[in-house]
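Read top to bottom, the protein sequences are chains A, B and C. Taking the working numbering, I'd label the letters of the first sequence as residues 1 to 239. Taking the working numbering, I'd label the letters of the second sequence as residues 1001 to 1219. Taking the working numbering, I'd label the letters of the third sequence as residues 2001 to 2225.
Everything labelled a hint here was simulated from the structure, so no lab data went into it. A portion of the hints provided could be inaccurate.
[Claimed, not checked] Negatives, chain C to chain B, calculated, CB over 12 Å:
#, residue
1, SER2076
2, ILE2111
3, GLU2182
4, ILE2209
[Said to hold, decoys possible] Listed below are the simulated SDA-like cross-link pairs for lysine to any residue, each with C-alpha atoms no more than 20 Å apart in a straight line:
#, chain 1, residue 1, chain 2, residue 2
5, C, LYS2220, B, PHE1209
6, C, LYS2220, A, LYS213
7, A, LYS213, A, LEU80
8, A, LYS72, C, LEU2135
[To be verified] Label pairs and their in silico Cβ distance ranges:
#, chain 1, residue 1, chain 2, residue 2, range
9, B, ASN1069, C, LYS2023, 39 to 49 Å
10, A, GLY67, B, TRP1108, 44 to 54 Å
11, B, THR1213, A, GLU121, 42 to 52 Å
12, C, LYS2017, A, ASN87, 36 to 46 Å
13, A, ASN186, C, LYS2003, 22 to 32 Å
14, A, LYS76, B, ILE1062, 50 to 60 Å
Ideal Cβ placement from N, Cα and C applies to all residues, glycine included.
Residues per chain are reported as follows:
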Amino acid sequence: MIEKNSIEINNVSKSFGANPILNDCFLTIKSSERYVLLGSNGSGKTTLAKLLTTLYSPDKGEIIINGYNSDKDSEKIRSLIGYVGHNSLLYGDLSGYDNLRFFCNFYPDIDFKKQFEYLSEILNLSHLIKQKVAKLSHGEKKRLSIMKAMMSNPSVLIMDEPDAGLDANSINNLIDNFFPKVINGNITVFLTTHNSDFALSVASAMGILQSGKIEFQTQDIHQFSKVISKYQSMNESVL
Amino acid sequence: MKLNSNFYLIIIAAIVIFDVALITLFAPTEVIMGHVQKILYIHVPNAWVGFLFFFFVFIASIMYLITKNIRWDYFGQASGEIGVVTTTIMVISGAIWAKPVWGVWWTWDPKLTTSLIMLLMYIGYLMLRAYASNPRQGATFASVLGIISFVNVPIVYMASVWWRTVHPELIIGPLKESDAGLTASMGFILIYSTFAITILCVFLLVRRFQLRTLEELIT
Amino acid sequence: MKKYFLYIWYISLKDIKVELQRKELLILTTIFSFTCVVIFNISIDVSIESYSRVLPGILWVTIFFTAVLGLNRFLSKETDSGNFESLLLLPISRDILFLGKVTTLFLFMIILEILIFPIFTIIFNLNIIHIPIILVAVLATLGISVLGTIIGSMTSSTGVKETLLPILLFPLIFPILLAAIEVTGSVLRGQTFAEYNKWIQLLAITDIIFIIICSFLFTKVMNDY
Chain A
1 MIEKNSIEIN NVSKSFGANP ILNDCFLTIK SSERYVLLGS NGSGKTTLAK LLTTLYSPDK
61 GEIIINGYNS DKDSEKIRSL IGYVGHNSLL YGDLSGYDNL RFFCNFYPDI DFKKQFEYLS
121 EILNLSHLIK QKVAKLSHGE KKRLSIMKAM MSNPSVLIMD EPDAGLDANS INNLIDNFFP
181 KVINGNITVF LTTHNSDFAL SVASAMGILQ SGKIEFQTQD IHQFSKVISK YQSMNESVL
Chain B
1001 MKLNSNFYLI IIAAIVIFDV ALITLFAPTE VIMGHVQKIL YIHVPNAWVG FLFFFFVFIA
1061 SIMYLITKNI RWDYFGQASG EIGVVTTTIM VISGAIWAKP VWGVWWTWDP KLTTSLIMLL
1121 MYIGYLMLRA YASNPRQGAT FASVLGIISF VNVPIVYMAS VWWRTVHPEL IIGPLKESDA
1181 GLTASMGFIL IYSTFAITIL CVFLLVRRFQ LRTLEELIT
Chain C
2001 MKKYFLYIWY ISLKDIKVEL QRKELLILTT IFSFTCVVIF NISIDVSIES YSRVLPGILW
2061 VTIFFTAVLG LNRFLSKETD SGNFESLLLL PISRDILFLG KVTTLFLFMI ILEILIFPIF
2121 TIIFNLNIIH IPIILVAVLA TLGISVLGTI IGSMTSSTGV KETLLPILLF PLIFPILLAA
2181 IEVTGSVLRG QTFAEYNKWI QLLAITDIIF IIICSFLFTK VMNDY
């Protein structure tokens, strides 16, 4: 059985103005992998995440997700990914339920009711879902945006610092409930974070983004602690 | 083509100086309008260049969006900057000519109206690029605006023509731009002036393009 | 094909739902245009017989400025809270997104005009509610919505959005404004349809041209948003 590559980043460069953020970046993520990308602030993690969502397009190189090219088939890619970013991407004036209803309009093959009930239970949102999003706390909004990302049943989930702003309970809930039950080895995950414990708990592969390239990556869980200490020492030297 | 050398500059300067001489010394004074008529030798060539360079902006915009080669954006910006200048000269020289001849500084004649709107679109084109958050975005936005603006020009002209026929009292003066016909020598000088100013502006265009390219290399 | 228009409608419907929650956009723009009308009325010193000459200009200038105000608010609300990203992430082509926004703006402006036209009629004591004027209003509003949406989406990501938008927008909608003013004036003067028919054709053609071009160009604008 040939293991398909879910995500391929080939020789990608991206800059805004004069500053190059990503420079001849290479990355391959296999199907059902849970790839955690570590990197200091400003290293380009968010840029890379947005490149995967087709929000940005690479200046050079190509990005291929499930066989689709991000420049040529961007609509197709958007139909099979879910994205959790820094912004909640939700409409504050509408309720969580109305938000999800709106977004799912564009995924006609989804069984809305089933997904909705399943995910709101796992992410502990059932009691909040009818409230206006603007009234929710930061952590609740984050969980809701994770739910939004999963509603469309994506085969690739892209999460940019999903743990940021979450309390310890919620993070544990992600680790103990969300990842085993929802992800369950069926979905490829690309995740960025600063939190080493969180990274260790969910990763099946890890890498560090530095100087616009992915360095020190591994799929061997025994190497993870080495990668983490490498990352932490990098950050200390910066400070 | 080594434009760094002053060779071309000298030649073009000579062409332009000869043009000035032609206009001031050799051009016959027109019977009805007098010396003022000679402004036409400035007004018409600048008008032609203004429209030509707006067309360049259009081409640059399309080519940038297709090729994503930033040099097309430099070309568009250079054309835009020179075009603003020539169009402004055209509008001002037109006003100076109009006052003694038509009695008013300005009138909503279709060509004038279209030129003024085109000038505003030129300026908007440069402003949007300048205020964008990064050069790439500026290039994309300016190209989009460049295309929309150019497509708008014939629509503006049509609307202005109909507007004029509905409100003739807004238009004072002869319906044709030049009342009297042009004699042969006037015609020649007009063509030569057009040639001189076009050559000058193309030279400036290339220089500005090179300058813009150098600016990027330095930053 | 049906899905295409359905998706456009969903996007517009969401905007309407959001606006119904706050109601601020419609209220603000209505009050603003009312203020414009009053200012024009008291500052332009014409006898009542001349109203029919002056009113078309006042009407359409007011609508233009209100549209600019509304556009700025409408587009900045989305970009400020990062919600534009969520729309860009949808598995739909960019022109659906564009036309959805155009539809929202169009509907808002039509509602505004439904409120403004009677106010004008009352303050100026001149009936402007005629079928040709309504037709022209619909076409002109469509043109302004199309151009306003694409220009607005570009200016909203600059720092000077409020001031830049009218500068860029005015020359582009100049023929639309002119056509709307001319037809309104013609109808008020009692001219025949044949006399102002060409303006309506101009409006229709302009709308078609710009809808096609701007839908296509919007995709380019949204790259690297």
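Among the hints numbered above, which are violated by the structure, and what are their numbers in rising order?
Hints 3, 4, 5, 6, 7, 8, 10, 11, 12, 14 are the ones this structure does not satisfy, whereas the remaining hints hold.
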